[in-house]
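**Student:** Quick note, the sequences are listed as chains A and B, same order. Counting with the numbering used here, you get residues 1 to 732 for the letters of the first sequence. Counting with the numbering used here, you get residues 1001 to 1174 for the letters of the second sequence.
These are calculated hints, taken from the structure and not from any lab test. Treat each hint with caution, since some may be false.
Taking lysine-lysine and the DSS-like style, the derived pairs with C-alpha atoms no more than 27 Å apart in a straight line are [unchecked claim]:
id, chain 1, residue 1, chain 2, residue 2
1, A, K720, B, K1161
2, B, K1069, A, K108
3, A, K389, B, K1161
The model shown is predicted, which means the values in this text are computed figures rather than measured ones.
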Amino acid sequence: MKLIYDLPEPLAQEVECRLAGEPILFCVPSDVSLDGRFVAGFVVLSRTRLVVTDEVNVVRDMSIASGSEYRATSLVHNGVLEARVDGEPTILARYSVSHAARYALIAKALSQLAEGQEPRVFSTPEDDTCPRCGRSYPEGSTVCPACLNKLAVLKRLFEIARPYWPLLALAVVLLWAITGIHLVVPVIYRVLIDGYLKPGRHEPKTILLLVTAIGALNLCAAGISVVRNRLMVTTGGRLARDLRAMVFGKIQMLSLAYLDRRKTGDLMNRVSGDTERVQHFIESQSTMAVNQALVLIGVAVILFMSDWRLAFLVIFPTPIVLAAVRLMQEWIRLVFRRQWRLHDAVNSLLQDILSGIRIVKAFGQEDREVARFRKASRQLATVTAGNEKTWNTLFPAMGFILGLGNFLVLYYGGGLVLREEMQVGELFQFSQYAGMLYGPLRWMSFIPRWFAEAMTSAERVFEVVDEEPDIKDREHPVHHRIAGRVTFEDVTFGYRSHEPVLENVSLEVEPGEMIGIVGHSGAGKSTLINLVMRLYDVDEGRILIDGIDIRDISQKDLRSQIGVVLQETFLFSGTVLENIRYAKPEASVDDVIRAAKIANAHDFIMRFTDGYDTLVGERGQRLSGGERQRIAIARALLHDPRILILDEATSSVDTETEQQIQEALARLVKNRTTFAIAHRLSTLRNADRIMVIDKGRLAELGTHESLLKARGIYYNLVMKQRQTSRLRAVEG
Amino acid sequence: MRDDSTQSLREYVEIRYLRPAECRFERGRGGFLSLELDTGEKYERVNLHRAFPLSDCDSYISVRDSESKEIGIIESLREFDEATRRLITEELDRRYFAPVITSIRSIEEEFGYSYWDVMTNAGPRRFTVRRGHGSLLQIGDARVLVVDVDGNRFEIEDYTKLQSRHSRLVESLL
Chain A
1 MKLIYDLPEP LAQEVECRLA GEPILFCVPS DVSLDGRFVA GFVVLSRTRL
51 VVTDEVNVVR DMSIASGSEY RATSLVHNGV LEARVDGEPT ILARYSVSHA
101 ARYALIAKAL SQLAEGQEPR VFSTPEDDTC PRCGRSYPEG STVCPACLNK
151 LAVLKRLFEI ARPYWPLLAL AVVLLWAITG IHLVVPVIYR VLIDGYLKPG
201 RHEPKTILLL VTAIGALNLC AAGISVVRNR LMVTTGGRLA RDLRAMVFGK
251 IQMLSLAYLD RRKTGDLMNR VSGDTERVQH FIESQSTMAV NQALVLIGVA
301 VILFMSDWRL AFLVIFPTPI VLAAVRLMQE WIRLVFRRQW RLHDAVNSLL
351 QDILSGIRIV KAFGQEDREV ARFRKASRQL ATVTAGNEKT WNTLFPAMGF
401 ILGLGNFLVL YYGGGLVLRE EMQVGELFQF SQYAGMLYGP LRWMSFIPRW
451 FAEAMTSAER VFEVVDEEPD IKDREHPVHH RIAGRVTFED VTFGYRSHEP
501 VLENVSLEVE PGEMIGIVGH SGAGKSTLIN LVMRLYDVDE GRILIDGIDI
551 RDISQKDLRS QIGVVLQETF LFSGTVLENI RYAKPEASVD DVIRAAKIAN
601 AHDFIMRFTD GYDTLVGERG QRLSGGERQR IAIARALLHD PRILILDEAT
651 SSVDTETEQQ IQEALARLVK NRTTFAIAHR LSTLRNADRI MVIDKGRLAE
701 LGTHESLLKA RGIYYNLVMK QRQTSRLRAV EG
Chain B
1001 MRDDSTQSLR EYVEIRYLRP AECRFERGRG GFLSLELDTG EKYERVNLHR
1051 AFPLSDCDSY ISVRDSESKE IGIIESLREF DEATRRLITE ELDRRYFAPV
1101 ITSIRSIEEE FGYSYWDVMT NAGPRRFTVR RGHGSLLQIG DARVLVVDVD
1151 GNRFEIEDYT KLQSRHSRLV ESLL
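Next comes chain B alone, as it looks inside the complex (with noise of 0.2 Å):
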């Protein structure tokens, strides 16, 4: 039964995946990827878009041209040599820019808002949080995202981790 459904769907679209045999990545002058392929199409700037961002980040790499039409998807990052890894990741650390907090150094909460000094794997920050919905989401058992007032996201690994206080808080927000 599965099979039927899953040939079905073959015959309407085949998913055209980039394997590293046929795609050539490379790093311009100005900062950007580029993409020469195979059959001779050359892309002077493609954007990489993650399929599944939050739960699966090497998997599922949608290339897109700047038009963002799709070239392709790799599969998986798995299949590529150390260096192309490299410079795919390095791409997609560009896009995505979500910190993930490695220690609190205070929450101080006044008047709907809640005040956060906090040091991240990118650095240390400042920022605050509205109290209310949207402000921290819950991406996973302990996995949580606080979003901040200007919209910037931070990334809690696990929230159970933090300092009771702290995580009490994060709980209430929630």
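Here chain A stands alone, though its shape is the one from the complex (with noise of 0.2 Å):
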């Protein structure tokens, strides 16, 4: 986050002056005046003291030790830096949400430098725009499509299709063997006519040949195009799938921090959207624009050598017809656009309705929901009726100004036929010429957005595969069996380094000890397992396992050591044997089922008709909350890991349900070291000892029965639970 910006000169001097010869430690925009409008104002940090302008004056200058309770607080739309100021809560500068974030550090530092304090906020170079050009990166992306040299991708993208080279090779060849047949054939026709179709004439065994010869060049054609075709397919398929699996691949390689930055759909769209548009590319657009650019000058320089006054009357409007098309497929895309997003709104529309029909009848609102959605089709139907006419009234007419050319061929070339001036069969020729010409003509204003968009596909493909997981293993990495002593040694973490979740944790567990771990929501929990799962490195201290650091060890041997039921029970889409054995797909039937028993599972599961074959996941039966937990606690008892992350569900489930998943937790921690998130006071009474987690820091370690002697959080925690408790035990 970048948090120093240049000061404009005027101001420069003026806050230099305040400063009396202090350097700037900060300076980020305040582009809100405090009265509501743009400014280009700055607020200005140095060791002593506060500046806050606007364009031009300074709006107040005070020392930093002045003010307490430094905050910058997100209002709607808008934030203030605000603070104490003698006794008084004070408003200081005011700014838009582009500056949130940055305003969120500047507190922080104020705070820091308010107590004397070296401030620990750092200024980093911006990171969502562009340094060249300064646009925006896409999302997620750290790629700038104007900036991108696409020659370079270029380069690698057929250095990746090396093997595919020959294949491609012979493509090309065939096309352009195609092509020449297209070439050929009008000379014929002019033979044909010029030569043989006279009256007078009888020869019909030549006409007959130079009409075979046509037939048969056009099925050769056909017959190559199909070939063609057929091999490009092949081709282009092994292609992505080759780029497919490499993103893929790399994909499930990385760290957790790069997947959290990343929306899954982002991720998605990479692996199958991006990479079908390169093999889009290489299969068809690449070959054919060299085919085309090709054609292009060979069917100009033909023209023109015919005859080159009908050659320019063919050449001269082109450029017009060719701009009318392009502003017809402008309107084209806009107005469409617009249907399809209200198609798309009629649908949702419906699928809301239909999803909530017990509600709509529930409160008798069947007519009013009639009335909206026919609301929106009639909306609908107005907007396409009204594209279609359009449509109707515009292609005809496309297809007239394209004709346009050959209707002037045909005057003027008519023309010179009857002044004897041009055989008929050559007008024929030069007819088929320029029908050739607006095709490829039409193609190469394509490529140009084309190119780029496969360019940057392919770029975003690279980034996923060139990104280095941050989370790796050493050169040597050891490879240990885990005993189940886990130390934490200073540790303090952050998923974005300088806002730490976790400061200074210290503590030991010894094998087979169980540590319940409790503290407010946000506190750090989840956090400190996922430190323990070394789904992220600390940044401060160490990790050690068994008196090595976690880091050294392998991960591979880690995580088939670890063994994790969260409170998001996932289950992939397949049957439930398999989802039990995932960890473990070579584990007999016999060891799922013992699993199955000891997670009190095995019950529900041979009451469904399916048995253990019933599908679940995404396409499968719907299992209720507690049948989910069980089922990761079998899987978590067939994987038999030497550590134990739990984080509870906080989900109600019946009291028998309840008990049942207690009894299975309780079988399932015995002699395993197991951290676990617990909201159950019952979960927490068989843990040997407890932490309690607060803002970050370990605020209190002990028995159960310690911490309740001393009243402190743990103790409130327990008695507000007890009450609510209370309560259920009577709605049951």
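Given two chains presented individually in distinct reference frames, assemble the corresponding complex, making use of the accompanying hints.
**Tutor:** In structure tokens, the structure reads:
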């Protein structure tokens, strides 16, 4: 995040004056004035002073120490920097949402400076706009489409396509063959018409020969076309497959930190959408582009060589025609986008009403919903009708315009023939070639955009492939059979390194010990277990497993010996059997059933019609929360990990299921080092020790009884829990 | 039937409406609004939240203390005298910042973003809008909110009154 901006000249001097020579530590824009206008103002910090300016004047100049409780408060689409100055809550500066994150850091720096500390806030270069041109990066990417060196990407792409070069070359040659045939056919026509289709000439055999020749050549062209298409599809498909495998494989290897930053949809797009576009480009667009260019040049040359006057007549209107076509296409794009959105809206509405049909009926709102749908439907119909009408007018018109060239050729060419300056056959040949001109021209106009899009897609694919996973194994990772002693040594960590979520946490856990973790939401509990699983690496301090730094142990070993039962029980699309076996696919059915029995899951599974073969997950049976939990426990049991991570689900289940789950959990945690984020008192009472995390720090640590006696945070949490569970017990 | 249901609602909870007679708003030196009530309650700093920021700006304004607990609701600003109304409106304007676009200088589209250069009732501004969901919200027949890449919002009161090119673009982004 950029926290040091440059001040424009007159302001810079004024501010320097006010700071009396102290260097500027931070300078951020304050782009909204206190009375709600856009201004180009700034907030400037030195070690001891805070200066707020608008475009030309200094509006506030105070010593940082005279203020306290510095805070950046978010309001609705803007924010204020405030503090308590001379006892009064005071607004210091105002800013738009664009700078909200910056002011959070500035407020932090101010608090630290006010206490006389060194500010632990740092300015880093911007990372969501391109440094070259200043445009915003598309979401989740650091590829600036404008500045992208497309040729470099193209080179790289062709390197990747190397194994397919021979096939691609063959496809190009075939394409030339087809084009060659198409270019030769008009000549034969000319020979036929001028030489043999004249009154008086009577050589049926030659005519037949020539006609057959034309037919045969066309057939040939068609045949080669089929072969070429097959070839392209196969090659393109294989290439796309290679690319997809590359991207997907890399995604799997990358750390959770990277994946968190990206949306699932974005990654999916890269694996499927972007690779598809690249495939399409290599498969058809690139080879066609080369071909069309050649055809264009070839045909133009032929035309000019036949008759330069006619050639000029043909070439002359082309730019106008192309422009007209382009405009029409833009218009079509715009209006059909609107139609498509309305269509989308109608569908969403329909889905909305139908999924909520129970509510509609319960509240008796059927008539109103019908009216709503009718209105949306009518809107769609009106727009569609309008579009169709216009399309049906413009399309024939466009056809006519495109045919204009032919008309001109016929008129003037006809004149030439009548004056015997040209033969009919020649004219026919000419008009055939002229017809071949528009196709390539139109094609060529699309090339720049297609090229840019394809290269951007390719670069997005490469972006993922090139990414270095930031959680890597050491050069020579240790292979270690875990006994279960886990040590936190002064661990500090934040998802964003300047905002620590955990600070100076130290703790030693004996093998087989169960540690309950409690704290308010957002205190850092989930972060702690993420670190034990080494989904993220610590910023400061160390985590040791049996005395060995967790970063030295091979990830594969680590993961195979740590098991999880998380809040969100995620079941893949597959059978119950497959899900339980997830961590250990080679486990025997015997073991699976044993695990299911220990987890108190066997009985409900057997009650399903398909038993262990029941399909669950996205497209399968909907399982209740309790059932999912128990399958997750069975999964963990089968895995038999040395260290267990348990993130207790807060969903309420009926008392009987609750008991079953508790029992299953108790069996699961026996003799395993367990970290359990617990909400239920019963779980906590089973724990050997309990740690309380408050605002990122280890606040309390001890047994259940000792913490109750201490009457601290834990005590309060337990008391509140007891009240709520008493209420729940009554309601059953 | 209706009276019955309202009656039963009233049994459960009473909305505390703050009437002009019982409260005094003042702006402190630091710029924040303070409130003193007839009952003697004093709040050094109150925050105002609109219940209907989009459909009815001047009614049902929740007055909350610094811990965000509701003190009461102002049923309608019109009940208050000129001066108090101004104070409250100023405070609301500080909290809610959605400048209204008065004219568009240019909109350029490129690579999935549109770059806007506009004049608003809070001054000129340039911003970038992402193509896709959520960038333009329709809140009325022709009233539109434009959301830029950072989350800033700008209001267009009637997009059909814009230049045809711009209004078509807005429509296509909706």
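**Student:** Tell me the hint numbers this structure goes against, listed in increasing order.
**Tutor:** 1
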